[in-house]
Amino acid sequence: MTVLDIRDLSLSIGSTPILKNVSLSVAHSEILGLVGESGSGKSMTSLAVLGLTPPRATMTGEIRLNGQLVSNAPDAVMQQVRGRDVGIIFQEPMTALNPVMTIGDQVAETVRLHKKSSRKEALAVARAVLDRVGLPAERFPLTRYPHELSGGQRQRVAIAIAIALTPKLLIADEATTALDVTTQAQVLDLLKRLVREDGMGLILITHDLAVVAETADRVAVMKDGELVEEAPVDHIRTGMAHPYSRRLLANATHAPTRRSRPQADAAPVLQVEGLVREYGGAPALFGRSKAFRAVDQVSLSIQPGESVGLVGESGCGKSTLLRAILALETPQAGRVRVKGRDITAARGAALKSIRRDIQVVFQDHYGSFDPRWKVSDLVAENFHLLDAKPSPAEARRRVDEMLERVGLNSAAADRYPHEFSGGQRQRIAIARALITEPSVICLDEAVSALDVSVRAQVLDLLADLSDRLGLSYLFVTHDLSVVRTVTDRLLVMQAGKIVEQGETAAVFAAPSHPYTQKLLAATPDLVRNHALEKEIAG
Amino acid sequence: MTDAPAITAPAKPRVRWPLSLIVGATLTAVVLATALLALVWTPYDVEAVDIAAKLTAPSAAHWMGTDHFGRDVLSMIMAGAQNSLVVAFVAVGIGVAIGTPLGLTAAARGGWIDELVMRGNDLVFAFPALLLAVMITAVMGPGAINAVIAIGVFNIPVFTRVARGAAQGLWTREYVLAARTAGKSKALISLQHILPNLMSLLVVQAAIQFAVGIVAEAGLSYVGLGAQPPAPSWGRMLAEAQTMIGFAPWLAIMPGLAIFVTVLGLSLTGDGLRDLFDPRVRRER
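Residue numbers (my numbering), protein chains in the order written: chain Y, 1 to 538; chain G, 1001 to 1285.
It is worth saying that the hints were derived from the structure and are not from the lab. Yeah, the Cβ is synthetic: ideal placement off N, Cα and C, and Gly gets one too. Any given hint could be a false lead.
Derived DSSO-like pairs (lysine-lysine); straight-line CA-CA distance at most 30 Å [as the list claims (entries may be wrong)]:
#1 290(Y) <-> 497(Y)
#2 339(Y) <-> 497(Y)
#3 339(Y) <-> 1054(G)
#4 1186(G) <-> 352(Y)
Covered stretches of chain G, going by a simulated chain Y footprint (3 or more residues, C-beta under 8 Å) [said to hold, decoys possible]:
#5 1085-1096
#6 1161-1175
#7 1193-1200
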């Protein structure tokens, strides 16, 4: 029996069509994976089900929830439906919860809004539901506040709110995207268990095909507001029909071709020895505050032309390590040498000259560029590192040349960063890093936020630049699937320490440290699935 | 490298001017125009005493009536606007010019410099503004210039705080980290990246402090510590009207209205500018 039935749903905002003739259904106890790149309309579809479309949106078609027609229903009706019949979980658990309300009250609120129960009864329901989502009373009393919980625990509270009234349909909109892989695996397991126990339908909205492959029963692929394919989930393994689905799959597992090999016998371009970075430990009112060691005796080295991955979950110290390597923070002990020169001890002109050799590309975000600067000025900013600064005309010529090298045309120079898409902005960031012709580029989650097709393009660009310029890369990321195809060597970091390192292929094939094993087991694995697909096809 | 997607510029959204900004800016413009007009023309000579026409109620000849010396109230208010605006404006200037660099420095350097600046700030903040002004004028003598200094000193910590708070947030941005990897000094980054990005906040705060300054100037003049006679001043007009409020209420009402309109205009302008600059507020409208 179907829980949700969407027929010919079209939605436009003003004159812009957002959804075009989308038809979908979800059955009891079924998990539907809804995948697509940003702007494909997958979130808008779920908002339409909840009657939460933007004010100026016009909608045609039918949405039936448990047989009841809910499309274009009045808000008073939808308020009853939301929470009782449909629950939703969003990506960011911190902002989805009210920071000044206890978790007990937040779960109880949903119950009290829909059932005329007393506060005491509602809290009893809240207790039972929190137990179900794996937040037992001993460790998680109802009086806890969201800030006292970790990201994964907060997401469990959000799930508890969504399932408190045992809805028929649960929508999880990128609900595990912001979580670490091990936490993501736990939350997905929890969702699977709840679907099994309650018999509700689940729509799992995600950009990550691997998550769908491991969790869902059926997969629906959206592109530009249209549903291009709907298929049983094992078709991800055995072959999708629509060319776009195939391309999506290929992009997600894309391995750029690299022609040059790292020079093993040359002097390393980056050498880190016994690096320590502590926070706290400052004199406090009574004695000293306890120091927290974010980076603990880390050593690593990168050869010319080599690409090294540094993976670890949030809070493992990888970002701190990166900032210390870039001399943005002063370590308490240890050395960082770039082409043999110590960046940690350098000051003034010496530091500037070392900085020319090591540059960084940050995670694509609005914070990556000064919104008031034009692209030409942003890319030219690193000319500050040169002793002899080029004339404005010369600088402009070199900026144009660099923009073309990273695949943008020179007209981009006169625009502002917000006029570009995510992938284009990342190309600008790469151009900025490359302008002083460095030897090493550190990439801080540089492709994590990009759609898979754009990610594949950026990875190709990086591989191509490495081949032509002999660049070395340090990929810092939480996403194992990124580093798998593009790195020669892999370092695994846990609690400030490097716990395992080795050839990337070898680490993936036979991880030796328990933490690496745990990490790999938790990572949804499309490469394995994809290899299987090829085997079957071949 | 031919796979580059076309560069697409999103259509520029039409700017919707907040109503508060339109009303506020109009009121402020009227006050400003009046003050400028008073430089070259007032209906009557501000200092001309005409005992025969003393304490006449508002009429066709004297739109806002006359005071106990027979001076035209409208002319005095027009001339007084100059005094109020100049005092408040220069005081805001002092606050911005000293407070902003202090805040930027505190945010950029952190550590003991930050502590020093912020505790100094607290010290100034802890004094009631008017008491501080009374102290300054008591030591240096009453007068418009000392009123300016007194109000200006009070403005310094306001701008220090605004600048420091916003700058601290900006220092964690990735573009600032990128500027640091470009080898730029903290001072240069503060100037090139931080200051331009908190300009909108400073403008909003300046509009609000401008309004506060008008009230403070009126307060100081009221207790005789602002502009000295015979220079016209809204605050002193209020003070002088006090004893005559029973039989010549217009003497108190007119300068009171002038202060009210000016402060309202500036406050609305500040609110409106904040709405205009803050995309979150803008989206909700």
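Outcome of the hint check:
1. 290(Y) <-> 497(Y): Given that 30 Å is the threshold and the Cα spacing comes to 19 Å, the pair holds.
2. 339(Y) <-> 497(Y): The given pair, whose Cα atoms are some 24 Å apart, holds under the 30 Å limit.
3. 339(Y) <-> 1054(G): Violated. Residue 339(Y) to residue 1054(G) sits at ~89 Å, over the 30 Å cutoff.
4. 1186(G) <-> 352(Y): With Cα atoms ~14 Å apart, residue 1186(G) and residue 352(Y) stay inside 30 Å; holds.
5. 1085-1096: violated (count 0)
6. 1161-1175: holds (count 3)
7. 1193-1200: holds (count 3)
This entry does not satisfy hints 3 and 5, going by the numbered hints stated previously.
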